[in-house]
Amino acid sequence: MAESESLLETPLGALHRSLGGRMVPFAGYAMPVQYPAGIMAEHLHCRSAAALFDVSHMGQAEILGAEGAEDAAAALERVTPADIRALKPGRQRYGLLMTPEGGIFDDFMVANLGDRLFLVVNASRKHLDFPLIEAALPAGVTLRPLPDRALLALQGPGVEAAIAPLAPALAALSFMGVARAEIAGIPVLASRSGYTGEDGFEISVAAEQAEALAKALLALPGVQPAGLGARDSLRLEAGLCLYGQDIDETTSPVEAALTWAIGKRRRMDWDFPGAGRVREELANGPKRLRVGLKPEGRQPARAHTPIQAADGTPIGEVTSGGFGPSLNGPMAMGYVARPHAGDGTALELLVRGKALPARVAATPFVPHRYKR
Amino acid sequence: MPELRFTKDHEWVRQDGDAAVIGITDHAQNALGDVVFVDLPEVGREVAAGEACAVVESVKAASDVYAPIAGRIVEVNSALTEDPGLINREPSGEGWFFKLEPKDPAEIAALMDDAAYARFVESQA
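Top line first, the protein sequences correspond to chains A and B.
Take the first sequence: its letter number 127 is residue 127 in UniProt numbering, and every next letter is one higher.
Take the second sequence: its letter number 56 is residue 56 in UniProt numbering, and every next letter is one higher.
It should be emphasised that the hints constitute simulated quantities derived from the structure, not laboratory data.
Where a beta carbon is used, it is the ideal one built from N, C-alpha and C, also for glycine.
Check the hints yourself; a few may be wrong.
[Said to hold, decoys possible] What follows is a set of in silico ranges between Cβ atoms, one per label pair, in the way DEER data are often shown:
#1 ASN30(B) x LYS354(A): 23 to 31 Å
#2 GLY17(B) x PRO36(A): 53 to 61 Å
#3 ARG180(A) x ASP26(B): 30 to 38 Å
#4 ARG119(B) x THR313(A): 22 to 30 Å
#5 THR250(A) x ASP64(B): 41 to 49 Å
#6 ALA303(A) x GLU101(B): 33 to 41 Å
Produce the entire structure from the sequences given, and follow the hints as far as they go.
Okay, here's the thing in structure tokens:
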């Protein structure tokens with residue numbers, strides 16, 4: 001394939017190939033969509049034991065202020081409605097970058113490291129996010145991208161027991177806690193978070209030590225590698241949005257049912273980009289809402305499947321859809337006109353011209369098991 | 001058992017008396033991954049060679065299955081509805097999709113044989 005010649009490699013490219021990873025292009029990188037076990041087995045293993053994902057394609061950066069994390073937090077609030085100033089040292093939070101029109105520019109994780117903020121953004125948006133953030137920073141606050149760091153996600157109910165002997169400090173973290181630690185003698189920055197709905201860690205490590213760390217984690221009891229395919233089915237079962245699919249510059253936080261990512265203080269001050277649209281939609285209700293969808297029977301409905309009311313009126317579109325291995329059935333999410341957004345509402349998904357009966361369903365499809 | 005013939009879309013065909021049995025190859029099931037659903041054609045439907053007439057869905061994606069030759073659908077493998085994993089486990093056996101009554105049985109012989117298909121898969125790698 002000619003396109004593979006121009007694809008970027010993560011620091012774990014050689015390891016993926018040695019493990020039999022099937023490499024596919026994703027956001028400009030060659031990434032493993034699965035290993036020989038297959039998506040179904042990798043997904044189920046993550047829910048029952050522990051899975052290791054390479055997410056080094058994601059963008060990592062630090063924001064440094066003249067007076068530490070405090071002015072960095074105030075600066076980041078210029079581009080997000082999240083309450084960053086209330087984020088305590090050692091804690092991480094989910095946030096949205098906004099367009100001036102009230103659309104979602106990207107979503108991110110931000111951690112307060114005491115003397116600085118640590119950011120993780122989407123691979124497909126990092127080349128846009130970093131200039132957007134940089135342009136909003138006042139003198140004395142700087143954004144420092146960290147392209148020389150890898151990111152690993154270790155996810156599943158078996159993770160804590162597996163990692164505790166190596167790094168007791170990490171096992172003591174609660175959900176969304178962040179700490180520097182050493183794993184097998186390798187310095188890391190780890191947060192108790194993930195994209196699967198399971199307990200686990202996201203671990204930032206220097207690129208040159210990423211392979212040694214990955215091998216040490218894969219050697220732990222019960223840990224198996226998992227690819228992007230399982231990552232996608234796990235996050236959809238967990239009801240989590242994928243940027244570019246479920247949220248983008250046209251969707252607002254209110255439409256996307258991500259209003260919880262807007263800080264209470266920010267909702268009184270309305271001092272973030274796109275606040276006008278958000279305020280109007282919170283007051284009057286959005287025209288459409290992101291909802292979970294549960295098709296009847298076994299047939300999945302994929303992204304871009306049209307959604308219609310029982311009388312045939314078009315009311316929306318599926319944005320993510322597939323088969324949930326743990327759910328043992330099809331699942332989807334998408335946007336529907338607000339009158340049809342109530343849990344249990346009957347509607348139809350137009351799959352290859354045939355109307356497939358479905359219902360609006362609460363998410364997550366599979367309960368979260370975070371370490372609160 | 002009569003030999004299999006193959007298409008560039010990774011279906012196989014096996015003559016079975018007056019009918020032609022159709023399925024997808026081991027290479028195809030391996031590329032698709034775990035099959036979770038199949039949409040089979042209606043019995044009695046007339047199909048042209050190369051016409052999309054079934055859909056196979058894996059965890060990852062949906063893919064069309066094409067009629068390798070022209071004919072009329074005479075039977076579908078209803079066992080796949082209950083156990084679509086048969087396609088992964090026995091792609092050229094119990095995991096067959098449907099049977100056609102060929103319009104022109106000579107069309108089967110014109111498809112790739114085992115060696116030609118192996119070379120084709122090799123050339124696509």
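Legend entry - 33 to 41 Å as the expected CB spacing between GLU101(B) and ALA303(A), which holds or is violated: Check passed, 37 Å falls within 33 to 41 Å.
Inset, instruction - Check the following: the C-beta atoms of GLY17(B) and PRO36(A) are separated by a distance inside 53 to 61 Å. - result: 38 Å, violated
Inset, instruction - Can you let me know if the beta-carbon spacing of ASN30(B) and LYS354(A) is within 23 to 31 Å? - result: 28 Å, holds
Inset, instruction - Can you let me know if the beta-carbon spacing of ARG119(B) and THR313(A) is within 22 to 30 Å? - result: For ARG119(B) and THR313(A) the Cβ distance comes to about 52 Å; the hint is violated.
Inset, instruction - Note whether the CB distance of THR250(A) and ASP64(B) lies within 41 to 49 Å or breaks it. - result: 30 Å, violated
Inset, instruction - Could you check the hint for me, namely that ARG180(A) and ASP26(B) are 30 to 38 Å apart, CB to CB? - result: 49 Å, violated
Against the hints set out earlier in the document, violations occur for numbers 2, 3, 4 and 5.
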